[in-house]
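J.: Chain residues, written in single-letter form:
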Amino acid sequence: MNKFLKWFASDSFIVSLAAIVMGLLLGAIVMMIGGYNPITAYGALLSKVFGDWYGFGEALREMTPLVLTGLAVAFAFRAGMFNIGAEGQVLMGMTGASLVGIKITGLPALIHAPLAIIAGALFGGLWAALAGYIKAKRGVNEVITTIMLNWTALFLCNYIVRTFLLVPGNQRSVDIQPSASISIEWLSQMMGNARVHWGILLALLASTFFYYFLWKTKQGFELRAVGSNPEAARYAGINVNKNIVKAMFISGVFAGLAGAFETLGVFHYQSVYASLPGYGFNGIAVALLGMTHPFGVLAGAGLFGTLTYGSAGMSFEAGVPPEIIQIVIGSIIFFIAAQGIVRFILKPVYKRKKEKVL
Amino acid sequence: MDSLLIFGNLLNTTLVFATALIFAALGGLFSERSGVVNIGIEGLMVFGAFAAAVGTHYAEKAGMEGASPWVGLLTAIVVGVLGSLIHAVATITFKADQTISGVVINFLATGITLYLVKLLFDGAGETPLLLHRLAKLNFPDFASIPVIGPILGTGILNSYPTTFIALILVFVTYYVLNKTKFGLRLRSVGEHPSAADTMGINVNRMRYIGVMLSGALAGLGGATITLTTTGLFSHTTISGQGFIAIAALIFGKWNPLGIMGAALFFGFSQAIRNYVQLFAWSSNIPQDFILMLPYVLTVIVLVVAIGKSRAPAALGEAYDPSKR
Chain A
1 MNKFLKWFAS DSFIVSLAAI VMGLLLGAIV MMIGGYNPIT AYGALLSKVF
51 GDWYGFGEAL REMTPLVLTG LAVAFAFRAG MFNIGAEGQV LMGMTGASLV
101 GIKITGLPAL IHAPLAIIAG ALFGGLWAAL AGYIKAKRGV NEVITTIMLN
151 WTALFLCNYI VRTFLLVPGN QRSVDIQPSA SISIEWLSQM MGNARVHWGI
201 LLALLASTFF YYFLWKTKQG FELRAVGSNP EAARYAGINV NKNIVKAMFI
251 SGVFAGLAGA FETLGVFHYQ SVYASLPGYG FNGIAVALLG MTHPFGVLAG
301 AGLFGTLTYG SAGMSFEAGV PPEIIQIVIG SIIFFIAAQG IVRFILKPVY
351 KRKKEKVL
Chain B
359 MDSLLIFGNL LNTTLVFATA LIFAALGGLF SERSGVVNIG IEGLMVFGAF
409 AAAVGTHYAE KAGMEGASPW VGLLTAIVVG VLGSLIHAVA TITFKADQTI
459 SGVVINFLAT GITLYLVKLL FDGAGETPLL LHRLAKLNFP DFASIPVIGP
509 ILGTGILNSY PTTFIALILV FVTYYVLNKT KFGLRLRSVG EHPSAADTMG
559 INVNRMRYIG VMLSGALAGL GGATITLTTT GLFSHTTISG QGFIAIAALI
609 FGKWNPLGIM GAALFFGFSQ AIRNYVQLFA WSSNIPQDFI LMLPYVLTVI
659 VLVVAIGKSR APAALGEAYD PSKR
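From first to last, the protein sequence lines stand for chains A and B. When the letters of the first sequence are read in order and numbered with our numbering, they come out as residues 1 to 358. When the letters of the second sequence are read in order and numbered with our numbering, they come out as residues 359 to 682.
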């Protein structure tokens, strides 16, 4: 318990909190410049999320892919890579889950749903591992390959949906088999038909896995060693190339799960997308909000999800453009990254605190 | 259609697509050669595309007619520089992580511009359609030359003025970077800032200049798309071009001529989509595969031919004199 309290008083916690407050304040200033009332706006935002069970359930639904793409980006960061490709890996995950969820019939739900989830995870993982493999074998920068693979995945997945799964005349696939659904019907009914699903719990498990794997296993130690200094890791006898592919695979599995859950738990079908849907880019933001720590990512996704889902209520009830929220999120990340600025502003507060201790 | 003319048209479309990429990637070059990663190119292009639409619109209202797009271009440069200053202050002065700051620029850019569009144009989601855009230059005499006419006249010369500006800038950049004192200093702070500092070069000032140049050029790139292709600014005007520009920067190995080659390659593989349907042998290829082509081709070229590209040595590190 003491440890817990200490953590709350810790420097990084206070700076993060200050960054969030400063981001919200900046958003309020921007609203006032535009002639809006920030208090009604933020009030409407909060009541959209916490006002009723439906809003709360839908906000949880919104946070789930954010947690997983955030973990995907953070995991690759820890191994020294920048995975801009979570976007494409999410799409591949959706497609893997759709293929298994639609095409395979006659299985009990207890087998079908996990099988579809695994298919999605594998699709996402292998898609990311491809970028890792190209980096390991040919030394091609993963930033450029993952950008290219995002667009490739977009059109490849559209092709698969159009050719094998399409509802004729629509820009979407047929529905998945009921046995592949991971929706929680009873809870959903209790929450006014909010689209809650088992993926929400699995996302929490995934972040625990992230923590355990990276800091409590030998393999995780190797990955972090490669991430912080590949040359030293090589000298210590670690196979750097193998670890690059492995890190990208696991990173892609997280993103693939995000896609699989969207198909199996939320939509129950897959759309033909006209452009990249943005899951992966939001994941970058969440990973950065969470300072690439798995539990930080949970907090980051909570904040990001609350703000983006709530912004709809803000624009509906208070008439404030929801784009404001992008500015708020951007500036929160900015203040977390540029801690120098936050410390600069907090300086007087810090001084007083130290004097008291003395 | 005459196959030479088809090739001429293909070349022309290639240049249209490549222009914005060349501007934006050259922008990335100045920033990254000075040692500052700029993932925010996409956002700076958004700022530029927005500023170009707004600048041109108000110039039209002020009765500037055909000169309005040029006002738009200048506005885009100024706004691009202002946007890049956020990145510069955060990463150079406050030593924030450069990747994070770049991602922030992308978020802020879409947020701020769309918010301003709503404030300026009564809650609309996009700017009014511009009456004046940049016009293509026209050289009918060249187009009628036999054999090379379709390629030179129709293909290359019949382009937007921005295309020529971009191509000239490639060579200017090459010269500035490799043959001038300024270029040597810029490169030195990106390769070995502490050595540069010892030699009396102001590392942070050089980096500020590099990042601001990247803002100006990425702004120009975004403006090009508004003023030649879309004619207005909405949330779809810039959709991934900034990231492709970053790819072109890495693909071109942080070298202006390489960047031009990479941008032309991306432009060509975008342009070729429209021409695949013209031939009987290729018209049955599913549309999705044609759309995929530029990206798959890039990966293949990278894997087969290019391999490792070397980034500036000090890229991504804030300069801290106390660690010298």
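One thing to keep in mind: the hints can contain errors.
What the hints assert, rightly or not - EDC-like mimics (lysine to aspartate or glutamate), calculated; alpha carbons at most 20 Å apart, straight line:
(1) 494(B) - 555(B)
(2) 476(B) - 317(A)
(3) 681(B) - 455(B)
(4) 103(A) - 11(A)
(5) 453(B) - 646(B)
(6) 453(B) - 317(A)
The hints are simulated quantities; they were obtained by calculation from the structure and are not laboratory data. Since the model is a prediction, treat every value here as computed from it, not as a measurement.
J.: Checking one constraint from the list: CA of residue 103(A) to CA of residue 11(A), max 20 Å. Satisfied?
T.: 52 Å, violated
J.: Verify the proposed pairing of residue 453(B) with residue 646(B), using a straight-line Cα cut of 20 Å.
T.: Violated - the C-alpha atoms of residue 646(B) and residue 453(B) are around 43 Å apart, more than 20 Å.
J.: Take the C-alpha atoms of residue 476(B) and residue 317(A), compute the straight-line distance between them, and say whether it is at most 20 Å.
T.: With a Cα-Cα distance of about 17 Å, the restraint between residue 476(B) and residue 317(A) holds, given a limit of 20 Å.
J.: Regarding the pair residue 494(B) and residue 555(B), is the alpha-carbon distance no greater than 20 Å?
T.: 46 Å, violated
J.: Take the C-alpha atoms of residue 681(B) and residue 455(B), compute the straight-line distance between them, and say whether it is at most 20 Å.
T.: Holds - the C-alpha atoms of residue 455(B) and residue 681(B) are around 17 Å apart, at most 20 Å.
J.: Against the 20 Å threshold, does the CA-CA distance of residue 453(B) and residue 317(A) hold or violate the hint?
T.: Answer violated: residue 453(B) to residue 317(A) is near 40 Å, above 20 Å.
Hint compliance for this structure: hints 1, 4, 5 and 6 are broken, all remaining hints hold.
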